[in-house]
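Start from the sequences, fold in the hints, and give me the full structure.
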Amino acid sequence: MVIASLPSVAQVWDCLDTIADPEIPVITLVDLGIIRDVKWQQDQLVITITPTYSGCPATRVINEDIVSALNHKGVKNLRLERRLSPAWTTDWMSEKGRIALEDYGIAPPEAKGTPARCPQCGGDDLERTSQFGSTPCKALWRCKSCLEPFDYFKCI
Amino acid sequence: MTRDQALFQFLLRLGDSTLILSHRVSEWCGHAPVIEEDIALANTALDLIGQTQFWLELAGEVEGKGRSADDLAYLRDVWDFRNLLLVERPNGDFGKTLMRQFLFDAFQSLMLGKLLKSSDKRVADIAEKASKEVAYHVERSAGTVVGLGDGTPQSHTRMQAALDDLYPYVGEMFVSDAVDAVLIKVGIAPDPASLRADWDALVGRVMQDATLDIPKDAFTHKGGKTGTHTEHLGYILADMQFLQRAYPGAEW
Chain A
0 MVIASLPSVA QVWDCLDTIA DPEIPVITLV DLGIIRDVKW QQDQLVITIT PTYSGCPATR
60 VINEDIVSAL NHKGVKNLRL ERRLSPAWTT DWMSEKGRIA LEDYGIAPPE AKGTPARCPQ
120 CGGDDLERTS QFGSTPCKAL WRCKSCLEPF DYFKCI
Chain S
0 MTRDQALFQF LLRLGDSTLI LSHRVSEWCG HAPVIEEDIA LANTALDLIG QTQFWLELAG
60 EVEGKGRSAD DLAYLRDVWD FRNLLLVERP NGDFGKTLMR QFLFDAFQSL MLGKLLKSSD
120 KRVADIAEKA SKEVAYHVER SAGTVVGLGD GTPQSHTRMQ AALDDLYPYV GEMFVSDAVD
180 AVLIKVGIAP DPASLRADWD ALVGRVMQDA TLDIPKDAFT HKGGKTGTHT EHLGYILADM
240 QFLQRAYPGA EW
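From first to last, the protein sequence lines are chains A and S.
Quick note on numbering: numbering that gives the first Met the number 0 labels position 154 of the first sequence as 153, and the sequence is numbered without any gaps.
Quick note on numbering: numbering that gives the first Met the number 0 labels position 124 of the second sequence as 123, and the sequence is numbered without any gaps.
In case anyone wonders, no lab produced these hints; they're calculated from the structure.
Worth double-checking, as some hints may not be accurate.
Stated by the list, open to error - Within a straight-line C-alpha distance of at most 30 Å, the following computed DSSO-like cross-link-like pairs (lysine-lysine) qualify:
| # | chain 1 | residue 1 | chain 2 | residue 2 |
| --- | --- | --- | --- | --- |
| 1 | A | Lys38 | A | Lys75 |
| 2 | S | Lys113 | S | Lys221 |
| 3 | S | Lys64 | S | Lys116 |
| 4 | A | Lys38 | A | Lys72 |
| 5 | A | Lys38 | S | Lys131 |
| 6 | A | Lys38 | S | Lys120 |
| 7 | S | Lys131 | A | Lys111 |
| 8 | A | Lys95 | A | Lys38 |
| 9 | S | Lys221 | S | Lys116 |
| 10 | S | Lys95 | S | Lys215 |
| 11 | A | Lys95 | A | Lys111 |
| 12 | A | Lys95 | S | Lys131 |
| 13 | S | Lys95 | S | Lys131 |
| 14 | S | Lys113 | A | Lys111 |
| 15 | S | Lys95 | S | Lys113 |
| 16 | S | Lys120 | S | Lys64 |
| 17 | A | Lys111 | S | Lys116 |
| 18 | S | Lys120 | S | Lys184 |
Claimed, not checked - Pulled a few chain S residues facing chain A out of the computed Cβ check, cut under 7 Å:
| # | residue |
| --- | --- |
| 19 | Glu35 |
| 20 | Ile38 |
| 21 | Asn42 |
| 22 | Leu45 |
| 23 | Asp46 |
| 24 | Ile48 |
| 25 | Gly49 |
| 26 | Gln50 |
| 27 | Asp124 |
| 28 | Glu127 |
| 29 | Lys128 |
Where a beta carbon is used, it is the ideal one built from N, C-alpha and C, also for glycine.
And the structure:
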C-alpha cells in the first residue's frame, strides 16, 4: 500500500504563497500577511487566518481557495481558525507583495497614511478623491502630474 | 439577571445596531450623488455587516441555544431587536444619512475604545478589529458633515434640519440600565452614560466647524435597546428577512 506523505509546515507555507488574493491577483495570501500560523496537530493541519476587513467578501473565497489547494496536496484533515487579535495590519505585507502591488498600478500602503508616489508615472503631486475604493482595503487617489486616477492600498 | 443573559442583550445591542445601520446605508447603493460617495457608502455598509457577523455570532454562542448569526439576523421579529432607534431612522437626503452616520460613529468609536479593555477577551478582540474600521468611518462622516454644514446655503440648511431631526435620538445611546449594571460590575463593558462627556466634546467640535447649532432641547426618544421600536423597523425587516422567510435555509 502506498501512503502519500503529507506536506511539511514549510511546504504548506510554500503552497499558500502560490494562492492569489481573489481581488488583487498579483499578490499571494502570504504576501498579504493574513496567514498567521500553520501547524500540524497530530494528523490535522491547522491554519490560522486573520481577516483584512470585517466584511470583506473575499474572506470566504480565500478560505475555499486554501481548502482546495491543500486538498490537492493530499491534505484532507484541515481546520481553518479565525484570529481577530492582534488585528490585521498592512505592516504584515511582504516586501515582495509591496513591489508586486506597485507594478500592478496600486500604490502600496505607507506608514504616513498617504501614497509615496503615483504608481503610473512616479509623480508626487497627488490628491485623494475618496477615502474608499473598489475594495475595502483601497482608497482612490489621483496624480496631478499625469492626471491618472489610481488605487492606494490603505494603511491600517 | 446572570452575566451571560446581560452579555447576550449587550451583544444584541451592538450587533443589531450595526446590522440595521448597514442595511439603511446599503439602501444608497447605486443612488448616491457621485460614484465615489456611492462606493464609500457601500464600503461602510460592508464593514458594518462584517462587524455584525462577529457580534451576533458571539451573541449566539453566549446564549447557548445553538443560534447562528444568520438565525439572529433573519429569524427574529421587531420586538426581539435591540438596536438604537437612531439607526432605524429613514435615510432622508444624503446629508441626513451622513449626519446620522457621524452621530453614531462618534459614539461607536468611544464605545469600542472602552471595549478594547473588556475583561471578556472575545469582546475585546472584536472591538480591536472593529475600532480600526470605525476610526476610518468617523473621519469620513465628520469631514462630510463639516463640508456640507459649512457649505452652500442650501447644504447648510439641510444639515441643520438633519441635526434637529436626529438629535432627539442621540440620548438613547447613553442610557444605562440593569444590563449595563451587570456588565460594568464584571468589567466587560463601560457605563454608556460615562461616554457622554467625550461624545459631547467631539460632536461639539465638529458642529462648530460645520457652523451648525446643537439643539438645546434634551428630550430623548428611547426604547430600541429594550425592544420598543418605531414603525420603521418592521419595514426594514420585511425587506431584509424576506428571502430567509420565504425560502428557509436558502444559501448562495
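Hint numbers contradicted by this structure: Hints that this structure does not satisfy do not exist here, as all of them hold.
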